[in-house]
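Asks: The lines below spell out each chain.
2 protein chains.
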Amino acid sequence: MMRRSLQVAARLGHRRALLRTPCILPGLDPAAAFGSSTDSLVSRFCPEKTDLKDYALPNASWSPDMLSLYQEFLEKTKSDGWVKLPSFQSNRDHIQGLKLPSGLVAASDKSDWRIFTRCIQVEGQGYEYVIFFHPCKKKSVCLFQPGPYLEGPPGFAHGGSLAAMMDETFSKTAYLAGEGLFTLNLNIRFKNLIPVGSLAVLNVQVEKIEDQKLYMSCIAQSRDQETVYAKSSGVFLQWQLEEESSPESL
Amino acid sequence: MMRRSLQVAARLGHRRALLRTPCILPGLDPAAAFGSSTDSLVSRFCPEKTDLKDYALPNASWSPDMLSLYQEFLEKTKSDGWVKLPSFQSNRDHIQGLKLPSGLVAASDKSDWRIFTRCIQVEGQGYEYVIFFHPCKKKSVCLFQPGPYLEGPPGFAHGGSLAAMMDETFSKTAYLAGEGLFTLNLNIRFKNLIPVGSLAVLNVQVEKIEDQKLYMSCIAQSRDQETVYAKSSGVFLQWQLEEESSPESL
Chain P
1 MMRRSLQVAA RLGHRRALLR TPCILPGLDP AAAFGSSTDS LVSRFCPEKT DLKDYALPNA
61 SWSPDMLSLY QEFLEKTKSD GWVKLPSFQS NRDHIQGLKL PSGLVAASDK SDWRIFTRCI
121 QVEGQGYEYV IFFHPCKKKS VCLFQPGPYL EGPPGFAHGG SLAAMMDETF SKTAYLAGEG
181 LFTLNLNIRF KNLIPVGSLA VLNVQVEKIE DQKLYMSCIA QSRDQETVYA KSSGVFLQWQ
241 LEEESSPESL
Chain U
1 MMRRSLQVAA RLGHRRALLR TPCILPGLDP AAAFGSSTDS LVSRFCPEKT DLKDYALPNA
61 SWSPDMLSLY QEFLEKTKSD GWVKLPSFQS NRDHIQGLKL PSGLVAASDK SDWRIFTRCI
121 QVEGQGYEYV IFFHPCKKKS VCLFQPGPYL EGPPGFAHGG SLAAMMDETF SKTAYLAGEG
181 LFTLNLNIRF KNLIPVGSLA VLNVQVEKIE DQKLYMSCIA QSRDQETVYA KSSGVFLQWQ
241 LEEESSPESL
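Chain order of the listed sequences is P and U.
Numbering of the first sequence is given in the UniProt record's numbering, commencing with residue 1 and proceeding in unit increments.
Numbering of the second sequence is given in the UniProt record's numbering, commencing with residue 1 and proceeding in unit increments.
No false leads were mixed into what you were given.
Intra- or inter-copy, both count: the list cannot distinguish identical chains.
Subject to a maximum C-alpha distance of 35 Å in a straight line, what follows is the list of computed DSBU-like cross-link-like pairs (lysine-lysine):
#1 K231 to K99
#2 K208 to K231
#3 K191 to K172
#4 K191 to K99
#5 K49 to K213
#6 K231 to K84
#7 K84 to K99
#8 K191 to K84
#9 K53 to K172
#10 K231 to K213
#11 K191 to K139
#12 K213 to K84
#13 K49 to K208
#14 K99 to K53
#15 K76 to K172
#16 K137 to K53
I should point out that these hints are in silico values taken from the structure, not numbers from a laboratory.
Take these sequences, add in the hints, and give me the full structure.
Replies: Printed below as a string of structure tokens:
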């Protein structure tokens, strides 16, 4: 795995040098079209039938606050256009059947890859979260309950754990709203600490899409909106994933 | 735990309202003095004898690159003024005998608290890192090797995992360089993806200390400096921790 990873790194470095501009990915084609509609992205992202475990479902560790707000949004999926996003163990599961950009060859000799925000699988100890997305309004709401393994200052969530939760919510929103695939910029202003075990509600909004970039904002606050935990902005690079040529080989 | 945490949150919200200014902590006293020297902070932070497990020591998962750079810096601790920082399971261990600011009463009815960047204890699967600090130069170097539980795009570290690593390196640097305790701002520009299993070297520098704030910069790159993974800046709030009145009760 190490060798493959380093080869990827070397390849990235080489192509970057050829382009003579700093970029997160090799071979950026500014003329690339972003033809997939949000509806088709959402319907691919939320398979009706799957054997994959969805980690964004209530469990015994969810606080009453988290559970009741989850139920509230679940009601809104029936009539108000909101979509509950599934959350699988790895982004590999989310992009099944799609090809990564050339130069980004994913190492595959590990059996247990986990998306960072699902790294801890003991209920209630790490990340508990669920994201709802609104395709028309291009906004998301993430219900986030940090567990004791996400500690920073004693009794409170680590600033980095909130940063990662924001990045992940931005990431899923950017992908579904406009094929945003890679974080370019993340700017966070922290206001108050989140007590471990309590609920933080992240409201993400796509502000604009320009020059192959999605610009988003986020505010994380208590459910009653009395306490603002942090505000942030994020910029993501658009990148259209193509269908694998041999989907039957998956 | 839930009730206590929510009480803390309520208290924070209430005091914040009284102050009528957004702040991360209640009762900020601008006249507070920051009298502890970096040397005394470092010597308290790095106890010569302790029963606590230090997670910042080599293990079988460390790549040859990580291991050899670790040895290089270890040599520099003997003659060049660098200090290897220990990394315990929780910040509670790091601030033993010190009192948190009023209003921040740490919940304590969980036995297994973990600092976020040590949340995964299976060697090589999550965060592998070690921080070296230079008290005179007020700079740090963090050797960071992300494992497969830190994945974002298939085969690469999640942007949020690097954000958290930067925040944690900023945090330890800010505390030792000038009693910086809480992240106020974190701004990250991502340039290239870090392949899982490879080494990223984070160089953190304290740029200035002004108005009770520490301003820091960070660059994360490959060991050969050919590939820049990300650049960031961080602002931390200074806060002097006091000795517990009854240290024998700890």
